[in-house]
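Participant: Residue numbers (the UniProt record's numbering), protein chains in the order written: chain A, 1 to 223; chain B, 1 to 223.
Mixed in with the good hints, there may be bad ones.
Copies of the same chain look alike in the list, so a pair counts if it fits in one copy or across any two.
Below are the BS3-like pairs computed for lysine-lysine, each with C-alpha atoms no more than 30 Å apart in a straight line [as the list claims (entries may be wrong)]:
hint, residue 1, residue 2
1, LYS28, LYS58
2, LYS156, LYS196
3, LYS18, LYS206
4, LYS107, LYS144
Keep in mind the hints are simulated off the structure, nothing from the lab.
Number of protein chains: 2
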Amino acid sequence: MDKFQNLEKLLNYEFKDKNMLKEALTHKSTKAAFNNERLEFLGDAVLDLIVGEYLYLKFKNIDEGNLSKLRAALVSEKSFANLSAQISLGSFLYLSTAEENNNGRNKPSLVSDAFEAVMGAIYLESGLEKVKEIFIKILEKEYKSIDLKSLGKDYKTALQEITQARFGVTPRYELISSSGPDHKKIFEMAVFLNEKELARASGNSKKEAEQSAALIVLQRIEE
Amino acid sequence: MDKFQNLEKLLNYEFKDKNMLKEALTHKSTKAAFNNERLEFLGDAVLDLIVGEYLYLKFKNIDEGNLSKLRAALVSEKSFANLSAQISLGSFLYLSTAEENNNGRNKPSLVSDAFEAVMGAIYLESGLEKVKEIFIKILEKEYKSIDLKSLGKDYKTALQEITQARFGVTPRYELISSSGPDHKKIFEMAVFLNEKELARASGNSKKEAEQSAALIVLQRIEE
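Chain A extracted, bound-state conformation:
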């Protein structure tokens, strides 16, 4: 079996157009006449819709904010890199020698991009239903339980990473008020950036209130 056949077997899908598969596996570092960036653009939107619909149908009673939260956990670079391991995607990539020596085959960003590109290629050839079938099988194999609790994140850390990377500043949290009896206190915390209040939220502990405030900002950024 040639290289492509191995991947096709792992995907349980035979590509009609092998050139399209090759394009999906080709990193821009190769400087070839084509690379997987356009297919990645398409595949990204395909997977956003598939995961969005999957969650919409699975959770009839959760609101849009929580649907977004769940999707963000499932369609991240990290998540796609994990899913890619099921089909050994890294080993099939076309990379430059430099990128190869730089451990590119194992970089989550490269593998995740190629994963999206491969799904984009299947979409172009065979349509949405075919990608759904292939992707959901991989997704459900990876995530034994898909729900808010299992996919919950440390929102403060996530927010700090974003503001640090983009603007070189760290958010600051401040206690606004606390109320209620000692055994059932409610804390209200606000999150600031550059002296500007971004959001405030309440919780049963300072930490819980901080996490909720950070989440509000993250959702606003997402929108």
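Using the hints provided, position chain B relative to the given structure of chain A.
Facilitator: Only chain B this time, still in chain A's reference frame:
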């Protein structure tokens, strides 16, 4: 003809499930048992894919960065609000009295959200191809020419709006260098936020270089 039939005629689509259409038209201000937020979540992803694929197929030779740029112009709140006018969507919304008095029927955000929700509802009932058919017709009626030049934006203004709203600060631009003969000078400008350099870019004028630098940051935020 009842209310729904008028909208259905404008859309050239008859809903199988009128309750789903009603949900898509119901703003959360009504405090009804349902509102259009979940369908909007779904419709947003549907339209991202439809526009992404449309651009992917129409522009065989432009890179992923420019595909993203074009899509951002077409799928914005402003764009969807404009498209909604073709089907008089504002007049079909269910709003609270307060929102009604607050001119909610004409708010771009409300109308755009409902537009996404209506497309999400058609997707659930009739699938992707049906939404494509309906949406692309509306899109092509609105945009006589879809290309980078016609859809080009003022990126500096767009960036400033974002940083001001989210972080309370305005970007600062600084000349890094200029080179070349007087009639053919190249300017390199950098954009800073909080003394942190976010990006730099070159152009035939300071303004052009600033626009390019702002665009680099906008694309990074988008990603």
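Participant: First find the shortest C-alpha distance between LYS156 and LYS196 inside one copy, then the shortest across copies, and answer within, between, both or neither for a cut-off of 30 Å.
Facilitator: Both: 17 Å inside a copy, 22 Å across copies.
Participant: Is it within a copy, between copies, both, or neither that the alpha carbon of LYS28 lies no farther than 30 Å from that of LYS58?
Facilitator: Close across copies (22 Å), not inside one copy (37 Å); limit 30 Å.
Participant: When no copy is named, should LYS18 and LYS206 be tagged within, between, both, or neither for a Cα gap of at most 30 Å?
Facilitator: Cα proximity of LYS18 and LYS206: none, with 55 Å in one copy and 46 Å across.
Participant: Could you place LYS107 and LYS144 in one of the four classes (within, between, both, neither) given a Cα distance threshold of 30 Å?
Facilitator: within (24 Å within a copy, 42 Å between copies)
The structure shown violates just one earlier hint, number 3.
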